[in-house]
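Enquirer: Read top to bottom, the protein sequences are chains A and B.
First residue of the first sequence? That's 338 in this note's numbering, and the numbers climb one at a time after it.
First residue of the second sequence? That's 338 in this note's numbering, and the numbers climb one at a time after it.
Please keep in mind that the hints were generated in silico from the structure rather than gathered at the bench.
Treat the hints with care, since some could be wrong.
Claimed, not checked - Which stretches of chain B does chain A cover? Using the computed rule of at least three CB atoms under 8 Å from a CB of chain A, they are:
id: 1; stretch: 369 to 380
id: 2; stretch: 573 to 585
id: 3; stretch: 728 to 734
id: 4; stretch: 934 to 943
What the hints assert, rightly or not - Straight-line alpha carbon distances no greater than 20 Å define the calculated EDC-like cross-link-like pairs of lysine to aspartate or glutamate that follow:
id: 5; chain 1: B; residue 1: 544; chain 2: B; residue 2: 511
id: 6; chain 1: A; residue 1: 639; chain 2: B; residue 2: 622
id: 7; chain 1: B; residue 1: 568; chain 2: A; residue 2: 837
id: 8; chain 1: B; residue 1: 543; chain 2: B; residue 2: 622
id: 9; chain 1: A; residue 1: 639; chain 2: B; residue 2: 945
To be verified - Under 8 Å between C-beta atoms, here's a sample of chain B residues computed to sit facing chain A:
id: 10; residue: 651
id: 11; residue: 875
id: 12; residue: 907
id: 13; residue: 908
id: 14; residue: 912
id: 15; residue: 915
id: 16; residue: 954
id: 17; residue: 957
In this text, a Cβ means the ideal position worked out from N, Cα and C, and glycines have one as well.
Each chain, written out:
Protein chains: 2
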Amino acid sequence: MKKKNSHSPAFNAVTMTDPLFRHYVSIVPEKLIPYQWNVLNDTEPHTDPSYCVHNFRVAAGEAEGKHEGMVFSDTDVYKWLETLAYCLERGEAKAYEERADELIDLIGRAQEEDGYCNTYYSVNCPDRKWTNFAEGHELYSAGHLIEAAVAYAHATGKTALLQIAVRFADLICEKFSSDGALANACPGHQEVELALIRLSEFTGEKKYAELARHFLQVRGNDSDFLMENLKQQGSARIFPEFADYDARYAQSHLPPEQQQTVEGHAVRAMYMLSAMADVAREFSDEAMKASCLRLWQNLTQKRMYLTGGIGSSGHLERFTADYDLPNDTMYCESCASVGLMMFGRRMAALTGDASYYDVVERALCNTVLAGIAAEGDKYFYVNPLEVWPANCLPGTSMAHVKPVRQPWFACACCPANISRTLASLGQYLYAQDEKSIYVNQLISSTLKTDLHGNAVFLDLRSDLLMQGRLQLRISAAKAQPFTLRIRIPPYLEEPSFRLDGKPISPVIENGYAVIAISREGDQNLEMLSLVNPRWVAANQAVRADSGKIALMFGPYVYCLEETDNGSGLPFLYVSPEAEVLPAPPAEGLPGSLPTLQFHAKRLDSGVEHALYGSPSFRFFDVELKAVPYALWCNRTPGEMLVWLRAAL
Amino acid sequence: MKKKNSHSPAFNAVTMTDPLFRHYVSIVPEKLIPYQWNVLNDTEPHTDPSYCVHNFRVAAGEAEGKHEGMVFSDTDVYKWLETLAYCLERGEAKAYEERADELIDLIGRAQEEDGYCNTYYSVNCPDRKWTNFAEGHELYSAGHLIEAAVAYAHATGKTALLQIAVRFADLICEKFSSDGALANACPGHQEVELALIRLSEFTGEKKYAELARHFLQVRGNDSDFLMENLKQQGSARIFPEFADYDARYAQSHLPPEQQQTVEGHAVRAMYMLSAMADVAREFSDEAMKASCLRLWQNLTQKRMYLTGGIGSSGHLERFTADYDLPNDTMYCESCASVGLMMFGRRMAALTGDASYYDVVERALCNTVLAGIAAEGDKYFYVNPLEVWPANCLPGTSMAHVKPVRQPWFACACCPANISRTLASLGQYLYAQDEKSIYVNQLISSTLKTDLHGNAVFLDLRSDLLMQGRLQLRISAAKAQPFTLRIRIPPYLEEPSFRLDGKPISPVIENGYAVIAISREGDQNLEMLSLVNPRWVAANQAVRADSGKIALMFGPYVYCLEETDNGSGLPFLYVSPEAEVLPAPPAEGLPGSLPTLQFHAKRLDSGVEHALYGSPSFRFFDVELKAVPYALWCNRTPGEMLVWLRAAL
């Protein structure tokens with residue numbers, strides 16, 4: 338069933354050598370796995386109890402009490418296991434394998450006889466299983482169990498968790514497939530769909546992919562299903578904020594093939610779109626593919642922040658209207674940008690087009706990295722482009738915006754989602770199909786892979802920002818021709834290539850420079866290019882960014898922080914022609930990305946004492962220093978700003 | 338007990354002759370009283386049932402069913418009666434007096450034996466009376482009953498409603514005064530305090546004023562009281578949004594005398610501050626006065642919109658931080674600006690300082706008038722300074738902002754609050770004390786009053802905006818000296834005066850031009866002044882308005898509407914030196930306020946197809962037309978903008 342085109346290499350195949358990404362990837366086994374283990378087990382002193390492992394103990398009958406915490410708390414455990422699996426696959430975090438195996442045994446004991454596995458429903462309300470699709474997250478939780486199980490089996494060869502997942506998946510197939518009792522039910526939070534595809538690919542069992550397709554087909558057929566379902570809960574309602582629930586929120590207002598704009602809760606939308614791209618590929622479903630293409634366009638050309646953040650409404654973490662991109666009140670959940678990476682990778686696999694990786698890179702190098710502290714122990718859930726800590730007040734419209742990263746969250750999806758993304762980052766860097774290896778990100782790293790029996794090793798060294806140079810050593814064990822496809826991102830100006838010192842002019846195909854490799858042994862490819870810091874403006878329809886410019890360098894969006902530039906960042910004006918000079922990295926930030934310095938002006942309205950008065954605008958010269966948005970709030974906390982006013 | 342300084346004249350004493358205010362005041366008896374009567378009685382076809390009168394029928398045992406609608410639905414009835422009273426006092430809306438008397442009889446039958454009067458508790462949960470101070474609004478409802486009763490008795494001489502109110506007030510005194518069983522209880526929504534002062538003044542019974550003082554004294558003594566009270570409700574909680582309740586929200590975080598900043602729900606805050614000013618005056622309480630002065634400063638110098646709107650957070654309709662004045666996401670409830678007028682009038686009475694009326698005028702001439710449609714049948718609850726209808730979407734952070742006025746609201750405080758303010762507008766125009774008549778607003782009108790047996794008639798004709806001229810005919814029956822104090826608002830430049838044709842140079846005292854009148858018969862005062870449209874900037878600490886200017890003419894804030902200027906209003910830039918030309922009033926708007934025309938530029942970022950790109954800013958010349966903010970959305974609905982970008 339599986340088409341082998343453009344699949345990603347195994348997770349142990351990629352090693353990061355880029356200083357920034359090596360840092361973030363290495364903290365996963367070194368810090369995140371231990372820290373999150375403690376959080377899950379309620380042994381972390383600085384966070385409230387999560388009850389995550391406790392709930393499994395209660396479900397297994399090995400502890401007293403009720404399920405505590407969020408209804409989907411099991412998924413934090415599953416995502417931790419999935420993350421650990423990727424680490425184990427690279428030979429890291431071995432100390433946690435035994436604990437993981439014990440945890441998996443516990444999950445097995447918490448699983449019910451018929452395969453059902455969900456601690457909230459098993460413990461607190463077994464009589465309400467499969468009744469609350471809008472809020473219950475049972476299928477969502479099942480999806481994360483399945484993803485963890487596939488990853489763990491792939492990494493360790495151990496199948497205990499896979500067996501648990503398969504038993505549950507089989508139960509779900511029985512209940513939900515077209516001839517099942519719940520054939521009309523629409524999952525309230527997508528996730529199970531993409532997990533079932535993954536399970537199908539791993540096991541070769543087609544029924545799981547078919548159920549994934551079924552879940553997409555049933556969605557939106559009855560646009561009232563989830564609303565009616567919610568009404569039926571009566572006093573058993575779980576989420577008070579779902580007073581404002583509507584079909585669009587859960588993308589069930591229309592069948593996925595008919596949706597014209599990307600709507601509703603951003604994470605739900607990304608998980609659905611990822612599954613749609615999977616189904617389009619697995620079933621060669623052209624209608625689904627057309628919808629993916631259309632929704633990708635709407636998403637990335639009308640509803641995405643410069644940082645790859647998505648979700649313009651703070652309330653309900655959702656999409657709003659085309660070009661509605663407020664910079665301070667929005668949500669831009671870390672998980673939504675993780676989901677955007679997932680969707681983008683699948684679209685590239687579906688189409689072979691490199692441009693999807695431009696967006697993956699944008700989300701990764703900005704919002705996803707910003708979601709986690711350099712030390713790995715604090716997280717942003719919400720990722721605004723403008724922060725004024727004084728107005729991020731509890732009980733107000735700005736309560737969702739935290740001006741500093743938090744050690745954990747009652748709803749803790751983001752930390753674990755960032756962790757599993759970093760731990761499996763290789764899948765976003767390289768891909769291969771029968772004839773090609775794809776270099777999708779120009780991040781220094783090595784790849785060890787097998788291409789039809791030809792052992793290929795790539796050593797990519799990128800110094801594009803500071804030197805405009807990328808070096809790639811290709812070592813092939815056999816003289817077996819293949820093509821190397823290197824994504825040429827739009828910020829590279831006039832790239833030129835040399836292979837073993839000789840200029841070459843590769844064809845650019847679907848955004849990839851195509852280089853034929855046919856001999857064994859080492860070859861050295863060099864790419865030289867101009868990469869300059871650049872000022873960016875938004876489409877003229879974006880009100881929030883009108884008359885403003887932002888600074889980018891390569892894929893990195895830069896921002897101003899109070900610690901470098903003082904307070905009152907919104908009062909700064911900069912010319913779109915201002916010269917920007919790279920300067921040494923800021924002390925205390927990981928990696929070696931330069932800071933950027935430029936001249937600007939600070940505006941003063943001249944109204945000093947009264948609240949309103951006669952304008953007497955004055956400008957004062959200032960020198961500013963910008964740092965990568967990905968790294969903000971890793972020094973003294975304070976204001977932050979991405980979009981500066983243009984001096985026109 | 339009552340100090341007679343600076344009290345307001347009776348409501349029948351003032352007649353509006355200004356075309357704009359005559360329009361809005363005349364629609365109260367002509368349209369609002371009939372329309373709201375129908376709404377209260379569920380006979381208005383275009384609105385959902387309000388159940389307001391129905392609830393009294395059920396409470397009286399004359400209809401079947403439960404209390405329906407908001408817990409404080411009785412207050413809509415009381416505010417209607419209060420509004421009608423002001424109309425009756427001027428001889429208007431006489432057709433409704435009989436209906437009102439029948440309604441009052443019904444309220445009397447709904448009142449319980451011991452004086453308790455609240456249809457929600459009487460019908461739905463008599464066992465929970467006086468238990469839910471955070472949410473129950475019993476004292477708030479009592480306050481509006483008392484205000485209506487005083488107004489109705491004053492207007493008609495009929496005391497049936499007053500007797501109901503007094504019986505309830507006596508019960509409240511018994512329960513809540515310092516030796517009562519509920520002596521520690523803090524009202525969750527202030528209102529009863531100012532009503533009790535009013536009842537005390539009307540009846541001469543001091544205990545009501547003392548209870549008002551007690552309610553202020555008990556407030557914030559135990560800052561946990563309301564939070565604990567809310568917790569005790571368990572599953573009997575009324576308002577889901579009170580998940581984010583905090584002591585500051587209800588101004589119970591500190592005793593009123595110690596509060597340093599104006600906090601929490603804006604309407605609650607204004608009602609409390611009004612009562613504080615009343616108590617400061619009635620009891621010569623200097624600590625309370627000092628707190629009023631301090632909080633007024635914070636309110637008007639750091640937390641108020643140019644339009645006199647207040648409440649920067651859309652969520653929970655509350656204050657946020659100093660200088661945090663976002664223009665699109667805030668609340669700026671119509672009722673809060675009504676409350677600001679109430680507080681300002683009392684501060685003027687307390688201090689004799691005219692500057693308080695500058696703020697009253699700002700709130701009245703902008704937010705309060707904007708709250709009601711020219712036809713009187715639609716209302717704004719939320720009053721933003723920037724509206725883009727496309728992003729005012731249900732289920733998002735912008736759901737509270739309605740781009741068009743609504744026929745009614747589930748929580749319908751605003752329509753009735755605007756009505757009673759317009760119906761009693763005379764109190765904000767004139768005041769008098771033993772020796773003086775105060776002209777507090779320069780709005781064309783007449784006043785008929787008695788000053789120690791001297792019948793005085795004032796005929797004020799203001800054509801300040803178009804001619805810079807104000808004419809005041811003073812007719813005194815006796816040659817009995819008094820002073821006329823005319824507020825000189827800050828937008829009058831170089832006022833010069835003539836009395837009966839002869840130049841005079843009155844002293845300016847506390848913001849009033851003081852003119853001695855000693856002879857009987859007519860005297861004619863003329864004031865000439867320069868009044869020009871002016872560009873205004875905000876304090877340099879206001880981020881949302883930085884680099885922006887707004888247009889004012891006299892007390893009126895002007896705005897741009899899409900119907901005059903096309904869409905994309907935020908893309909416009911105007912020079913702070915731009916010449917502004919008054920032009921004829923816009924067709925279809927009440928009154929005769931001019932429109933204002935000026936030259937501006939429209940910015941185009943040059944990024945047309947992609948979402949982000951290289952800036953290529955271009956300006957295009959445009960001619961713009963601004964209309965009074967008070968009158969926006971009375972023609973074709975669309976975008977609206979107050980603060981324009983300054984071309985610097």
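Enquirer: Take the hints in turn and mark each one as holding or not.
Expert: Hints versus structure:
| no. | hint | verdict |
| --- | --- | --- |
| 1 | 369 to 380 | violated (count 0) |
| 2 | 573 to 585 | holds (count 6) |
| 3 | 728 to 734 | holds (count 6) |
| 4 | 934 to 943 | holds (count 4) |
| 5 | B:544 - B:511 | 10 Å, holds |
| 6 | A:639 - B:622 | 59 Å, violated |
| 7 | B:568 - A:837 | 74 Å, violated |
| 8 | B:543 - B:622 | 15 Å, holds |
| 9 | A:639 - B:945 | 12 Å, holds |
| 10 | 651 | 4 Å, holds |
| 11 | 875 | 6 Å, holds |
| 12 | 907 | 5 Å, holds |
| 13 | 908 | 5 Å, holds |
| 14 | 912 | 10 Å, violated |
| 15 | 915 | 11 Å, violated |
| 16 | 954 | 5 Å, holds |
| 17 | 957 | 11 Å, violated |
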